[in-house]
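Student: Each chain, written out:
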Amino acid sequence: MLRGYVITDVGSTTTKALLIGPEGKEARLLGRAAAPTTVEKPFEDVTVGVVNALRELEELAGISLVTEICRPAGEATHRQYRYLSTSSAGGGLQILVYGLTKSVTADSARRAALGGGAIILDVMATDDGRQGFVKMDAVRNCRPDMVLIAGGLDGGNVSYVLEVCDILNAAKPSPRFGSDFRIPVIYAGNKDAAETVRDTLSDHYDLTVVDNLRPTLEREVLGPARKAIHELFMSHVMQQAPGYGVLSSWVDEDILPTPAAVGRIMELVAERRGANILGIDIGGATTDVFSVIDGTFFRSVSANLGMSYSAGNVLVEAGLQDIVRWLPFNMSPYRVADRILTKLIHPTSLPETQEDLQIEQALATEAIRLAFGQHKEVAVLLPSESSFTSTRFFAEARMENFRRPTGAIDISNIGLFIGSGGALSHAPRRNQAAFMLLNALQPEGRTFLAVDSVFMMPHLGVLSSLDPEAALNVLETDCLVPLGPVIAPGVVGPAGEPAVSVSVTLRGDRLTALVHSGDIRVIPLAQGERAKVEVETLGQTAFRGTRRLEFETTGGTVGIIVDARGRPIVLPDDPDERARLNAKWAAQIGAYDIANPPGKRGDRE
Amino acid sequence: MKAESLTYFRQIPAAARILVRSGERVEPDTVVAKIEALPGRMGKVDAASTLGIHPTDLPTRLIKKVGDHVKTGDTLAARAEFFDRRAVRSPVSGVVSAVSRTLGNVYIREIVDLGELTGPVTIEAAKQLGVVPGELRYAKAEDIREGSLVAKGQVLAAIDRNLPRHKTVRSPLYGRVKEIDLERGTITIVPAFPSPDVKAYIRGRVTAVMPDKGVEVQGRGIRLEGLWGLGGEAFGRLRVICGDLHPGMDLEPGSILAVRGTASHEALMAAAAAGVAGTIMGYMPSETVLSLVGEHANLGITGDEDVPFPIVVMEGFHPCPIREEVFSALAKFEGDTVSIRGVTHIRAGVIRPEVILHSTPGEGAS
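Residue numbers (this note's numbering), protein chains in the order written: chain A, 1 to 605; chain B, 1 to 366.
Keep in mind that the hints are not guaranteed to be accurate.
Below, a list of computed lysine to aspartate or glutamate pairs in the EDC-like style, where the Cα atoms sit at most 20 Å apart [stated by the list, open to error]:
#1 A:102 x A:122
#2 A:532 x A:509
#3 A:135 x B:146
#4 A:135 x B:142
#5 A:135 x B:143
Hints were generated in silico from the structure; no laboratory data involved.
Throw the hints in and build the complete structure from the sequences for me.
Tutor: Spelled out as structure tokens, the structure:
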């Protein structure tokens, strides 16, 4: 009899194990445990870390797991618990991407690889400004797990693809794992070149040919390439990584790359809620952004933005002034830089004072803002069909000059923002997480904020293909912490003028709050409570396309957040004035205990 | 702090002549290998078309095979039929790197002679082309930007490209474009390898020589780990400074300074002007760091930046002098040759900067 699921996520540093099973009529999280990942020396065997995590889970849950889970799935015909796993250990799945032009097929190939859960080592294209010998050196030095070649719309350029094959043959990159291992190459380009590519590469590489991922300028078919990435990840790459051969014999379903699993659960949530969603996972070294827009999944990885190992990069990319602008106190920018660089050289340290915490949260705000900016470049819609151009008549390189893709993300049309990663999930107060998300992403209109309490989305993603209802239930009840709905008009009048009147009806009681321009106001509505909300704009205040909102919503740990600061948020240049304003907002949202917080209280009816 | 056994592998990046033998004693500045050549540009010859054959038939017509060294004009492939004799000659000297089966190309990788160029080279490109400096903006090759890697002989800028009177400016070395100055009309290139010399780095004995890979050196000494650093390797006589480094101090050329406190940007520049080889310091405020490396440097991965000398920061960025235990260890070695390395990688597989206090032969420092 099936009693539940045991799921592990083998991360770069930690292997996290979850036990999911029935509690009453619903699937719930019954236990979780973690152990250091053992992919590196001296162990060089991931199963050691997996067994350690499972032993801890056994002790916590008081049941026997290791003897049942840690043997080939085929031998255990009467398993009580199904075993699933995701992995990003050893740096995840690292792919080298080729395309014909940077903004057409190389961009589509990049999206396919990112959507497949990969870390992109390099994107090469004919117009990337690099000489052949520089590219060959780059190929030689990057040691990919896999190569994805796109390029050429169907019926287009063939000779470029063959030149790519020649460079690959000449460079002969070594794989990261296993010296005898033939690197898998996925060809998803011009179908006319497929046979010649096969003839050229199959001697040295493990070649898989799939449908062209960009057959025409207006069509992108990423599914077959993504599927091939997953299959080759399991059948080739994972078999070479230390201990994965054994681990893959234990699991009941294929091991998924961690980001691909996150993508699956995000798609399921978006489908069930009927809303666009955006998730941000801010880690120590990288920040991943996921979105599902009108049913299409997008993912970007900002490999240079993070809160510890990449803190120095955030400082460089954002600039010192852009970090300092979010602080609720005035401090010399160089003293702020001293603290950020100290975090860089002690990446595992935690803030000791409130000031340290506030600097770290200002840094996180900028890291999220930058990562979201990079995500918007990846999340694009292809040019629509046009009656007078056809791919048969125009070469890819010429077409890209006059038909560009457009951004898919409309910030006023995201129904749910999910924050994840230490800076957001482990902020001492949930209100601080909400404040960081509001400042960094600047959502507009009506939306909802949530944080992932313990980052179990990868586990739930791999579970969702087997048992979607269980995955969704655990996500809603044990994983996501709702912060609350957000009401944020894009246009507001001069600071201090009445901006919106918000009426909340809860169990027959009606409460009305008046919020002024330039203020944030939190109206209590606890997690699990459901209320009717009516929003009336006043003066110059307006939402996009409407002056009135009416909806039902559930609450969150923060409450209903009314952000009447307008978009974009404008901060004064004067450091003292700016610090006072940030302190006022921090107090209004309840992020920190600041003595004598300025700001108006609303009226109650 | 006790002396420990130290093993360093001195890797050679390309074709190099190894100058030491196994068992030989070395000092930190002993040159153990000299780089002679680097892999350069990839040239392409459309051999099948020249021979008038199908690309798949090219392997049967080849005279040189992959891996063969060729000189300019050497025959790579030939076709000799009754009235039809054709040959494909190499346009450059180098190594046959690949033969394409589908396009019928032969790829030749040039071997770049490092020559004697060890420092940055500024080329008066506008003057050579006979144009005003600002016109270099349009004359420079499309793929030449600050930061681009260029091979020896690669075209940096040209005018009248398709006319008989065309003029070109080529790179004299294998390196990276450091600056394109449109006011002076110059292009500055720094060598990809600042010096062809590979040095021992530590005092000890050569324990292994691997002809294509490098040399292993073993020695004894105290290894002090810093928290963060800049620049590559340096060695020199240690001079200990108890407080901060100031611009007016009398400094010995070639020395390594151990500054207990810190050094301002001006003090570091004055030390560089005096010929100091490297600095160890207690702390380095971010203001000094940013003034030295600029606001766009990657501070988590260091080692390649353009700094006057390697720097090892022992305690961090907040005011904090070198700890007593560490500073007294340094003080004991004042006047001795020490080695430092500023390279820092803050990521998985972390690399911290280091200071090596060498034991003298036959004794164990403690």
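Student: Checked against the structure, which of the hints given earlier come out wrong?
Tutor: The structure breaks none of the hints.
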